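Chemist: Each chain, written out:
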Amino acid sequence: GAGVSQSPSNKVTEKGKDVELRCDPISGHTALYWYRQSLGQGLEFLIYFQGNSAPDKSGLPSDRFSAERTGGSVSTLTIQRTQQEDSAVYLCASSLVRQDEKLFFGSGTQLSVL
Amino acid sequence: AQKVTQAQTEISVVEKEDVTLDCVYETRDTTYYLFWYKQPPSGELVFLIRRNSFDEQNEISGRYSWNFQKSTSSFNFTITASQVVDSAVYFCALSAAGRRALTFGSGTRLQVQP
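Protein sequences appear in the order of chains A and B. In terms of the numbering used here, the first sequence is residues 7 to 120. In terms of the numbering used here, the second sequence is residues 145 to 258.
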């Protein structure tokens with residue numbers, strides 16, 4: 007596609023449920039990132055995929071969070087046993103090769119945990 | 145450790161005024177990149193500029209200009225003759241060699257009143 011696509015755009019869930027957020031990066035981009043933006047806050051790094059290398063998971067806040075990237079393209083961020091503090095906008099971005107390049111962001115998924 | 149500080153949480157100006165958004169960064173790396181991104185009300189972050197640590201030349205792009213000063217670890221952004229369409233949250237970010245993800249500041253919300 008022309009840009010980074012994220013789905014769903016909004017997700018409301020109950021505390022304790024699992025959720026999956028999807029990111030479809032720009033075709034040909036080898037680097038993919040997930041960030042979290044809480045209300046009125048900056049962007050918090052979660053995880054970074056680069057080609058076939060092991061992902062950098064250093065930003066994941068707990069073991070309830072996981073992500074995978076299949077075939078070097080689409081990525082899924084999974085949050086298990088959601089908590090109210092997980093409520094935020096989850097942003098996906100991609101870049102051509104490296105993290106020091108221009109990032110292209112999706113519109114994000116607004117997650118609300120009730 | 146690296147850090148980006150945007151001390152101005154919110155700025156309100158009247159259309160046609162000039163406005164400067166401040167960004168101060170910390171890093172121990174000698175090679176790094178600085179970025180500015182714009183997040184309009186639609187939510188999708190848009191890349192504005194990327195500057196490497198070896199290039200201290202100021203840059204002008206239309207009504208936008210950037211002032212990079214290594215001596216004060218600052219990378220400030222000025223909008224000349226602001227317009228209502230400039231209303232957005234602006235993020236400064238840092239990418240240092242060896243780090244695998246951008247570090248973002250907390251953002252400055254700019255409101256341009258007609």
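Please note: incorrect hints may appear among the correct ones.
DSS-like mimics (lysine-lysine), calculated; alpha carbons at most 30 Å apart, straight line [as the list claims (entries may be wrong)]:
{"hint": "1", "chain 1": "B", "residue 1": "K214", "chain 2": "A", "residue 2": "K17"}
{"hint": "2", "chain 1": "A", "residue 1": "K63", "chain 2": "A", "residue 2": "K21"}
{"hint": "3", "chain 1": "B", "residue 1": "K182", "chain 2": "A", "residue 2": "K63"}
{"hint": "4", "chain 1": "A", "residue 1": "K23", "chain 2": "B", "residue 2": "K214"}
{"hint": "5", "chain 1": "B", "residue 1": "K182", "chain 2": "B", "residue 2": "K147"}
{"hint": "6", "chain 1": "A", "residue 1": "K63", "chain 2": "A", "residue 2": "K108"}
{"hint": "7", "chain 1": "B", "residue 1": "K147", "chain 2": "A", "residue 2": "K63"}
{"hint": "8", "chain 1": "A", "residue 1": "K17", "chain 2": "B", "residue 2": "K160"}
{"hint": "9", "chain 1": "A", "residue 1": "K21", "chain 2": "B", "residue 2": "K160"}
{"hint": "10", "chain 1": "A", "residue 1": "K63", "chain 2": "A", "residue 2": "K17"}
{"hint": "11", "chain 1": "A", "residue 1": "K23", "chain 2": "A", "residue 2": "K63"}
{"hint": "12", "chain 1": "A", "residue 1": "K108", "chain 2": "A", "residue 2": "K17"}
{"hint": "13", "chain 1": "B", "residue 1": "K182", "chain 2": "B", "residue 2": "K214"}
{"hint": "14", "chain 1": "B", "residue 1": "K160", "chain 2": "B", "residue 2": "K182"}
{"hint": "15", "chain 1": "B", "residue 1": "K214", "chain 2": "B", "residue 2": "K147"}
Think of the hints as simulated: they come from the structure by calculation, not from any bench. Just so you know, these numbers come straight off a predicted model, no measurement behind them.
Chemist: Does each hint fit the structure? Answer for all of them.
Modeler: Tested hints:
1. K214(B) x K17(A): Since the Cα atoms of K214(B) and K17(A) sit roughly 43 Å apart, the hinted pair is violated (cutoff 30 Å).
2. K63(A) x K21(A): holds (24 Å)
3. K182(B) x K63(A): Holds, because 26 Å separates the two Cα atoms, which is no more than 30 Å.
4. K23(A) x K214(B): Outside the cut-off at roughly 48 Å; violated.
5. K182(B) x K147(B): Measuring from Cα to Cα gives roughly 19 Å; hence the hint holds.
6. K63(A) x K108(A): Status holds; Cα separation ~21 Å.
7. K147(B) x K63(A): With Cα atoms ~19 Å apart, K147(B) and K63(A) stay inside 30 Å; holds.
8. K17(A) x K160(B): Between K17(A) and K160(B) the Cα gap is close to 39 Å, so the pair fails against 30 Å, i.e. violated.
9. K21(A) x K160(B): Violated, at roughly 47 Å.
10. K63(A) x K17(A): It holds: about 23 Å lies between the C-alpha atoms, which stays within 30 Å.
11. K23(A) x K63(A): Status holds; Cα separation ~22 Å.
12. K108(A) x K17(A): holds (28 Å)
13. K182(B) x K214(B): Holds, because 23 Å separates the two Cα atoms, which is no more than 30 Å.
14. K160(B) x K182(B): This hinted pair holds, its Cα atoms lying about 19 Å apart.
15. K214(B) x K147(B): Judged against 30 Å, a Cα distance of about 15 Å means the pair holds.
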